[in-house]
Amino acid sequence: MSQEHHQSFLTKYIFSTDHKMVAKQFLLLALAMAVFGGFYAFLIRWELAYPNQPAPFFGVVTPDKYNVIITLHGTIMLFFVGMPLLNAFPSNFLVPLMIGARDMAFPRLNMASFWMTFVAAILLISSFFVPGGPVAGGWTGYAPLSASSEFTGVKAGAVLWILSLALIFIASSLGGINYLVTVVTMRAKGMTYSRVPLTVWFLLAAAMTFFLAVGPILAGAFMLLMDNVFGTGFFLPGKGGEPLLWQHLFWFFGHPEVYVLFFPTLGFVLDISAVFARKPVFGQKLIIGSTVVAIALSFIVWAHHMFQTGMNPTLVTPFAITTILISVPFAIIYICMFLTIHNGSISLEPPMLWALGFLATFLVGGLTGIFLGAAGADIYLHGTYFVIAHFHYTMFPSVFFGGYAAINYWYPKMFGRMLNKTAATIHFVLTFIFFNCTFWPLFIVGMGGMVRRIADPSFYPQFSPFVHLNIFATISAMCLIATQTIFLWNFFSSMKNGKKAELNPYQANTLEWLAQSPPPHGNWGPKLPVVTSGPYEYSEPNKTEDWHTQAPSYKGEASHG
Amino acid sequence: MDNVTAVDHAEYEVEDYTGPAGTTAGRLGVWILISSEITIFAGLLGSYILFRLFHPEWAEESAHLNIVLGTVNTMLLLTSNFFMMKASTAVDQGDQKKSAKLMLITVALGLAFLVVKGFEYAAEFSHGEFPSKNTFWSFYFLLTGLHGTHILGGLVAITILWAKAKNNALGELKGRVALTGLYWSFVEVVWVFLFPLLYLLREGGAK
Amino acid sequence: MSVSASKSNHELVYFALVILALITVGASFLHLPGDENVYLIFGLALVQALLVAIQYMGLKLEGVMVYGLVIIPLILFAILVFLCIPDISHYPLNLKL
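As you go down the protein sequences, you meet chains A, B and C in turn.
The first sequence begins at 2 in my numbering and counts up one residue at a time.
The second sequence begins at 70 in my numbering and counts up one residue at a time.
The third sequence begins at 465 in my numbering and counts up one residue at a time.
The set of hints was computed from the structure by calculation and includes no laboratory data.
One should not assume that every hint holds.
[Claimed, not checked] Listed below are several chain A residues computed to face chain C (Cβ distance under 10 Å; list not exhaustive):
{"no.": "1", "residue": "V185"}
{"no.": "2", "residue": "L213"}
{"no.": "3", "residue": "F253"}
[As the list claims (entries may be wrong)] Footprint (simulated), chain B over chain A, 3 or more residues, beta carbon under 8 Å:
{"no.": "4", "region": "221-233"}
{"no.": "5", "region": "236-244"}
[To be verified] In silico DSS-like links for lysine-lysine, alpha-carbon gap of 25 Å or less:
{"no.": "6", "chain 1": "A", "residue 1": "K156", "chain 2": "B", "residue 2": "K202"}
{"no.": "7", "chain 1": "B", "residue 1": "K166", "chain 2": "B", "residue 2": "K235"}
{"no.": "8", "chain 1": "B", "residue 1": "K186", "chain 2": "B", "residue 2": "K202"}
{"no.": "9", "chain 1": "B", "residue 1": "K235", "chain 2": "A", "residue 2": "K240"}
{"no.": "10", "chain 1": "C", "residue 1": "K524", "chain 2": "B", "residue 2": "K243"}
{"no.": "11", "chain 1": "A", "residue 1": "K556", "chain 2": "A", "residue 2": "K528"}
Given the structure is predicted, the values throughout are model-derived calculations rather than measurements.
For every residue, glycine included, the Cβ atom is placed at its ideal position computed from N, Cα and C.
Pulled out of the complex, with its shape left as it was, chain A reads as follows (with noise of 0.2 Å):
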């Protein structure tokens, strides 16, 4: 039986149905739109240090451009880079790798899942095209900046930027669906639950947290549509609306949204700290029940990011208790993850080193979040730079380290390359360190009482203190952003010129590594590999070998010559 097949180019390349190419596809426009939104997130740092001088590449960064740009950057990172590159990007190369599957379940709503977050792309992009610029209202749209045109002089950027997040929202649900049926239907044979890695799991855990969440959402963009195109009034007081609801309904799925972002992160944290460390992961039932536990609390806590907005207090000591309450299962996981790592022969590959630069800064992140879960610290902090610092301390290690983490540990899967290992260290180490320098300051600064969402600190003379410490968090993160060339670089250059990547280059269990690099469509063989021990049996006392493969019988493409 041929592996290959006659495809033109249109089939092969952009209305693909292999798994393998939409996730190309969504790794490809995800590292497209984080080049839009690096150089937002520039130009806010620009207009933090040097207000009112003109940046390079752009102009004067004024107020109105200020907002329009702190809210794209927030839409673009979250929902068309995170997304992409930690939920849709991943579920699609490895879920039927790691499962032993052929391809996905639904193969065609594949490539409709994909077509349509670029036309969501599109959207957001051609608002700026449009009469009045794009949407300024932040990226949380609160009502009733994004419901009526008369507070910020945006309405068809605003109507494009609703549409664009349903859009992506209704596609990462049909994903989701995909991801979800395939695990359910399509294991290989001995392929139990138990025997399932926890990269897909937790791939899992997000898709499922996704498409529970994303409900509410959906229905609120219907109502914020329809107060912008029919002259409702569902978020408007004016017209016996409720703002208060378009916040109620955005955190419900905000906050779980977070999780969606995260969980695929411990996921590649853990398959990596286990081949890494050559040791099996500690706790694997354990951390598959913490996700669960904090699955189910991640939805009654979502009002602790409303502790300012003058929501009924009877409600905020619940959700301070909830809040609080969620750090345990997290703190489980972590555990776990030490413990993975303690004692192991570890060996400090850039994939490794991604995944342990996620373990240390991930902490801070966590750690500051139990600040402001306390409803007293909270309504102090809240309005703060030091929620920009603790944000981005949760966001960047998860989407950008967690990101780089996959990206280089299974690239010679993707592309039967290997990356250049020298580029791959000091990308690592320069990001590791600007990307600290660019946002601890920012605590600081948070705490001092420096508030966000103000185009021009300087207009503020109760801010002065702060200009060297926001010039130096500026170069930082101008440093930051330009050492992401070095990443550019070898992903694109190591694709043709870096060195031949074997089979399984890191001597891992897990069934990936069996199939060709890259693989062929189908992936396997004539035969599916049979499935006969876990993902993580490394280093067994009374072995030869400190890794045995999953499916030992496979016999690979050999079987047919």
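Using the hints, position chains B and C against chain A.
The following block gives chains B and C in isolation, referenced to the frame of chain A:
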């Protein structure tokens, strides 16, 4: 392109997964879709209920809705769903022609639902009851509009299946009839709640 | 695969649904003291929804996973509405409306 995908599927040796009640991959997929849809309608109906709880005066607005046409629509949708179930049974028994006839009735009844809804909208517009009149009417048009969109989607799917089934050419799409029936029943369940929430809470309502 | 659907007596379920729907409409015309007719209407609607779900949608033959898919969103719905009542439905600014 179709040729290529056909070949791909032929060579995949995916063992058919069968869960309880013959839950195939497709059926599980539709159930997850329904699960996701429940959360969307939960967000909308939940918002409506939250508003309704402190707006007892909406009972008056609700009294402007045409309860006769609402009841007729309930019956149309119920009957349409019944025929869809019959159609899916007919496919199981291998009688595609019969199922095509039953699906045609289903589509006709579904279209009748939309036509009646259109008359209701027209009458309401002529009384100046636009979505922007007040929040009750905003909710009314949004909820019925979204439900109507679901009906439209279902009708398109059933029509495609009917066009195949009448020529005895369902082939691999056989399973889709039952799956579309599953979705169609869900649209019916949504209406079962929409109808009383919008039309029937005229006396007292929730105070 | 609609093993489940073909095992149900569609006619019986259909007539039950029609009668229940008519009673629901009738109940809305009752002048009961307090909120009784509200409970009656939604009780009947719930029975109809369960009939459709169990008989037509084949829920009676499904496994734990599908029940979870139906019940979890309903629990989330209850949580969302319950926790928003103090904020939306009893927000002091709106009491004078």
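Check the hint pairing K186 of chain B with K202 of chain B against an upper bound of 25 Å on the C-alpha distance. With a Cα-Cα distance of about 19 Å, the restraint between K186 of chain B and K202 of chain B holds, given a limit of 25 Å.
Between K235 of chain B and K240 of chain A, does the CA-CA distance stay at or below 25 Å? 52 Å, violated
For a C-alpha distance cap of 25 Å, please report whether K156 of chain A and K202 of chain B respect it. 21 Å, holds
Given the hinted pair K166 of chain B and K235 of chain B, is their Cα-Cα distance within 25 Å? Distance ~5 Å between K166 of chain B and K235 of chain B Cα, so the pair holds.
Under the criterion that the straight-line Cα-Cα distance not exceed 25 Å, is the pair K524 of chain C, K243 of chain B satisfied? 22 Å, holds
Are there three or more residues in the region 236-244 of chain A whose C-beta lies within less than 8 Å of some C-beta in chain B? Holds: 4 residues of the region 236-244 of chain A have a Cβ under 8 Å from chain B.
Hint L213 of chain A vs chain C: min CB-CB distance below 10 Å? 6 Å, holds
Interface hint for F253 of chain A, Cβ within 10 Å of any Cβ on chain C: 6 Å, holds
Just to be careful: measuring from the Cβ of V185 of chain A to every Cβ in chain C, is the smallest value less than 10 Å? At 7 Å from the nearest chain C Cβ, V185 of chain A passes the 10 Å test, so the hint holds.
For a C-alpha distance cap of 25 Å, please report whether K556 of chain A and K528 of chain A respect it. Holds, because 8 Å separates the two Cα atoms, which is no more than 25 Å.
Do three or more residues from the region 221-233 of chain A put their C-beta atoms closer than 8 Å to C-beta atoms of chain B? holds (count 7)
Hint 9 alone, counting from the list given before, is not met by this structure.
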